[in-house]
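Chains as they are written, first to last, in the working numbering: chain A, 1 to 267; chain B, 1001 to 1502.
You may find that some hints are simply not true.
As the list claims (entries may be wrong) - Okay, the calculated bits of chain A under chain B, using three or more residues with CB under 8 angstroms as the criterion:
{"no.": "1", "stretch": "53 to 64"}
{"no.": "2", "stretch": "120 to 129"}
{"no.": "3", "stretch": "211 to 220"}
{"no.": "4", "stretch": "227 to 234"}
As the list claims (entries may be wrong) - Cross-link-like lysine to aspartate or glutamate pairs, in silico, DMTMM-like; alpha carbons within 20 angstroms at most:
{"no.": "5", "chain 1": "A", "residue 1": "K43", "chain 2": "A", "residue 2": "E165"}
{"no.": "6", "chain 1": "A", "residue 1": "K214", "chain 2": "B", "residue 2": "D1215"}
{"no.": "7", "chain 1": "B", "residue 1": "K1202", "chain 2": "B", "residue 2": "D1191"}
{"no.": "8", "chain 1": "B", "residue 1": "K1228", "chain 2": "B", "residue 2": "D1211"}
{"no.": "9", "chain 1": "A", "residue 1": "K214", "chain 2": "B", "residue 2": "D1459"}
{"no.": "10", "chain 1": "B", "residue 1": "K1186", "chain 2": "B", "residue 2": "E1297"}
{"no.": "11", "chain 1": "B", "residue 1": "K1271", "chain 2": "B", "residue 2": "D1211"}
{"no.": "12", "chain 1": "B", "residue 1": "K1375", "chain 2": "B", "residue 2": "D1404"}
{"no.": "13", "chain 1": "B", "residue 1": "K1426", "chain 2": "B", "residue 2": "D1437"}
{"no.": "14", "chain 1": "B", "residue 1": "K1210", "chain 2": "B", "residue 2": "E1101"}
{"no.": "15", "chain 1": "B", "residue 1": "K1202", "chain 2": "B", "residue 2": "E1257"}
{"no.": "16", "chain 1": "A", "residue 1": "K214", "chain 2": "B", "residue 2": "D1268"}
{"no.": "17", "chain 1": "B", "residue 1": "K1256", "chain 2": "B", "residue 2": "D1211"}
{"no.": "18", "chain 1": "A", "residue 1": "K118", "chain 2": "B", "residue 2": "D1268"}
{"no.": "19", "chain 1": "A", "residue 1": "K214", "chain 2": "B", "residue 2": "D1456"}
{"no.": "20", "chain 1": "B", "residue 1": "K1256", "chain 2": "B", "residue 2": "D1459"}
{"no.": "21", "chain 1": "B", "residue 1": "K1271", "chain 2": "B", "residue 2": "D1242"}
{"no.": "22", "chain 1": "A", "residue 1": "K118", "chain 2": "B", "residue 2": "D1211"}
{"no.": "23", "chain 1": "B", "residue 1": "K1375", "chain 2": "B", "residue 2": "D1057"}
{"no.": "24", "chain 1": "B", "residue 1": "K1228", "chain 2": "B", "residue 2": "D1244"}
{"no.": "25", "chain 1": "A", "residue 1": "K214", "chain 2": "B", "residue 2": "E1260"}
{"no.": "26", "chain 1": "B", "residue 1": "K1259", "chain 2": "B", "residue 2": "D1211"}
{"no.": "27", "chain 1": "B", "residue 1": "K1193", "chain 2": "B", "residue 2": "D1215"}
{"no.": "28", "chain 1": "A", "residue 1": "K214", "chain 2": "B", "residue 2": "D1211"}
{"no.": "29", "chain 1": "B", "residue 1": "K1271", "chain 2": "A", "residue 2": "D230"}
{"no.": "30", "chain 1": "B", "residue 1": "K1326", "chain 2": "B", "residue 2": "E1138"}
{"no.": "31", "chain 1": "B", "residue 1": "K1259", "chain 2": "B", "residue 2": "D1215"}
{"no.": "32", "chain 1": "B", "residue 1": "K1375", "chain 2": "B", "residue 2": "D1402"}
{"no.": "33", "chain 1": "A", "residue 1": "K214", "chain 2": "B", "residue 2": "E1257"}
{"no.": "34", "chain 1": "B", "residue 1": "K1210", "chain 2": "B", "residue 2": "E1409"}
Hints are computed from structural coordinates only; laboratory data are not their basis.
Backbone N, C-alpha and C define an ideal beta-carbon position, used for all residues, glycine too.
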Amino acid sequence: MKKFRLRFSRSQLCLPYAVFLALFVIAPLLVIVYYAFTNGQGKFTFNNFTNFFSNTNTIGTLLYSFFLSVTTTLICLVIAYPTAYILARSGFKKQYVLLMLFIMPMWINFTLRITALKEVLSLLEGNISRYPFLNSVIGMTYDFLPFMILPLYTSFLKLDKNLLEAASDLGANKFTVFLQVTLPLSVPGIVSGITMVLLPSMTNYVVLDMLYNKTFIMGSLIGSYFSAYDWHNGSMISLVLLVIIFIVTLVTNRFSDKDDNSGRTVL
Amino acid sequence: MKKLLRLFCTLSAAGAVALATLPLTACAKNSNELVLRVSNWEEYIDLGDWDDDEVIDLGFEDGETIDIIGVNSMVDDFTEWFNSTHDYSIRVEYSTFGTNEDLYNRLNLGDTYDLVCPSDYMIMQLMREGRLKEFSPEFRDETIETNYYINNVSTFISDAFESFGGQNYAAGYMWGTTGVVYNPEKVDVEDVKTWNILRNPKYARQVTVKDNVRDSYFPALGILNAEKLLSGDGEPYELLNDTDDDTIEAALQILKEIKENVYSFETDSGKADMITGKVVANYQWSGDAVFIMDEAESDDDNPVELWYSVPDECTNLWFDGWVMLKDGIGNDARKQEAAEAFVNFLSMPENAIRNMYYIGYTSAIAGETVYEYLKWNYGVDDGVPYDVSNFFGEGFKPLTVDADTLDEEDGVINRGRQLFAQYPPKNITERSTIMCDFQDRLAAINQMWINVRCLDVNDFNPAVVWSVIAILIAGATAIVLYKFRYRIFYRRSTEETNEVNS
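Let's have the full structure, built from the sequences with the hints guiding it.
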């Protein structure tokens, strides 16, 4: 009796994944594109596009959410950079406990955390609706901080200590070592941290809703079009956002590659 | 093609949900039972499981008594009742929705229901689109004793249904008004007499308003037309259903002011914020107002007495009603019978009382038993008369209720507590107005609402804009200077070295 054996080539093994991609990534994207460029009667139109860019309110929202997410990202970066540096440099045992302290909040349900934050902020500010922008930034920072710390932490862990020692041996003071060696080598971490915080915080409107920020950001704008069964304008805004995200990713990737290379030239 | 796209949309958006419901539908097809698919608002029906001491014991004048208590859920009780009185059996597939738009979207994405309970304007919209199935003539036959709905429904409600031509398509379930819940210790009575409280700077960031376009547009029109409404100049129905471009533009300006003034646009959080005292007044539906007042006064640590006010200008008469969908019922006579039986079962006075007690809203069902329930709930031996004949009909005597729960001024009552919110007196119902669906103006009004919520570029604070631009330019210059620092600052020295080398 011959032994029956199933053999798959690599491309055959890829098939389920390809089907999954086609069904859940490409097809929905095509649906978005279809809706973005059609009107209620299913006819091709550019109206949704011009609607978005001719309305001062939607442009204002785009700028507002960009401003909000950039502020959030910068604050996250300022907090996360030294934190991750200290975490990565601290003694072996302490390190994991400290890291856990930062990661553990992520295990608790997000709405619960924001509700708790709301109560804390009410206690501190008295009336939280007086400081909508500040509260949104605090909420977003609270929510996204771990996403900034983790990539930075990994990039600091990967950092070769010999390089630092070599730089010191060659006469660089601590500040120069940081500026010339540590900082350039941590740029990939910074970039992936920024991507992980900047883009979601442009659309994460649940935080704003829960903290009573009455102004829309991109996410709430899309949501409100969808709940008014206007799939076309909603899809167009999703598409605009998608393009913006694509451009940002393109730029940051380029930036990170370049600096990665220059980092290597340190050797 | 469009259908296919919708299919993809549903698949990708709710793949997990679709997968989870697949076995359910398969199961339903196999059994012989008739399945009645009912969709209702969340927490809008008695789910049973009452404590023993919650029993409602009503005694009538002729000595008869009945005890009402919710042991099982209303849906289970209906299934049992129906299956024991009919020669075929049914099973109710009960689901809930969060907003009318949510329900409408689900219907458009291919979900089928037999019986749903949307609000007034959604009923009108579905009716206009020809998606509703008429109730059978038997259902509307007043001579049949088991037609609990038609025999018990308040004429006030059936008149309201007739006013938009929906009497054959919809059966009323709950109804109410809109008004302002307020804390009398912190808010002047004069201020809650008008919708203007929403943009009154005296209560800046201390009032809430609803987070949906209809419930915001209505008070905005109330503010806009305040003079005309108060002087009786012009038909309130026309004024409050005005959707001209100019009116929408004016409402936008008012809503922007309201947005700057209120604490939040809320869907549900306003109740808690009102009870905990974070806000001093909030725009509410009368049913939720009852809930808030109940909760606030029974709070153990800090009981507060809150009141409900209906502003002098106008109030929105709203109702939710049961409608049958053509998509679901089709021409299945037995299904239609079951759906109509469901409405009749909910309209049995005892069941209407159970639902009212459980959810705090006001049932569309009138009649002696409900009147007795009111007496049981609010009646006192020594008090002031409170007329409810506008809802129950001429034959019903005024209730005797606690004078401290009503704020009477010049013989009219515009503010009060639970009873006032649940059963508004005649002067309130007379100035209440139905708000119709926006029809072809819907897109314009939705866009107005989005514009209210967005930050207009024209409204940007110039100081902020300029400082942001300045920071950006400074940052960019710093980076450029740093990048090209050798070329800019050390050019001469490099040239010199070159010269030396050559």
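Hint check:
| no. | hint | result |
| --- | --- | --- |
| 1 | 53 to 64 | holds (count 9) |
| 2 | 120 to 129 | holds (count 3) |
| 3 | 211 to 220 | holds (count 5) |
| 4 | 227 to 234 | holds (count 4) |
| 5 | A:K43 / A:E165 | violated, 66 angstroms |
| 6 | A:K214 / B:D1215 | holds, 16 angstroms |
| 7 | B:K1202 / B:D1191 | holds, 9 angstroms |
| 8 | B:K1228 / B:D1211 | violated, 27 angstroms |
| 9 | A:K214 / B:D1459 | holds, 15 angstroms |
| 10 | B:K1186 / B:E1297 | holds, 16 angstroms |
| 11 | B:K1271 / B:D1211 | holds, 13 angstroms |
| 12 | B:K1375 / B:D1404 | holds, 16 angstroms |
| 13 | B:K1426 / B:D1437 | violated, 25 angstroms |
| 14 | B:K1210 / B:E1101 | holds, 15 angstroms |
| 15 | B:K1202 / B:E1257 | holds, 13 angstroms |
| 16 | A:K214 / B:D1268 | holds, 15 angstroms |
| 17 | B:K1256 / B:D1211 | holds, 13 angstroms |
| 18 | A:K118 / B:D1268 | holds, 15 angstroms |
| 19 | A:K214 / B:D1456 | holds, 13 angstroms |
| 20 | B:K1256 / B:D1459 | holds, 11 angstroms |
| 21 | B:K1271 / B:D1242 | violated, 30 angstroms |
| 22 | A:K118 / B:D1211 | holds, 19 angstroms |
| 23 | B:K1375 / B:D1057 | holds, 11 angstroms |
| 24 | B:K1228 / B:D1244 | holds, 17 angstroms |
| 25 | A:K214 / B:E1260 | holds, 9 angstroms |
| 26 | B:K1259 / B:D1211 | holds, 11 angstroms |
| 27 | B:K1193 / B:D1215 | holds, 18 angstroms |
| 28 | A:K214 / B:D1211 | holds, 9 angstroms |
| 29 | B:K1271 / A:D230 | violated, 30 angstroms |
| 30 | B:K1326 / B:E1138 | holds, 18 angstroms |
| 31 | B:K1259 / B:D1215 | holds, 13 angstroms |
| 32 | B:K1375 / B:D1402 | holds, 11 angstroms |
| 33 | A:K214 / B:E1257 | holds, 12 angstroms |
| 34 | B:K1210 / B:E1409 | violated, 29 angstroms |
Comparing the model with each earlier hint shows violations of hints 5, 8, 13, 21, 29 and 34; every other hint is respected.
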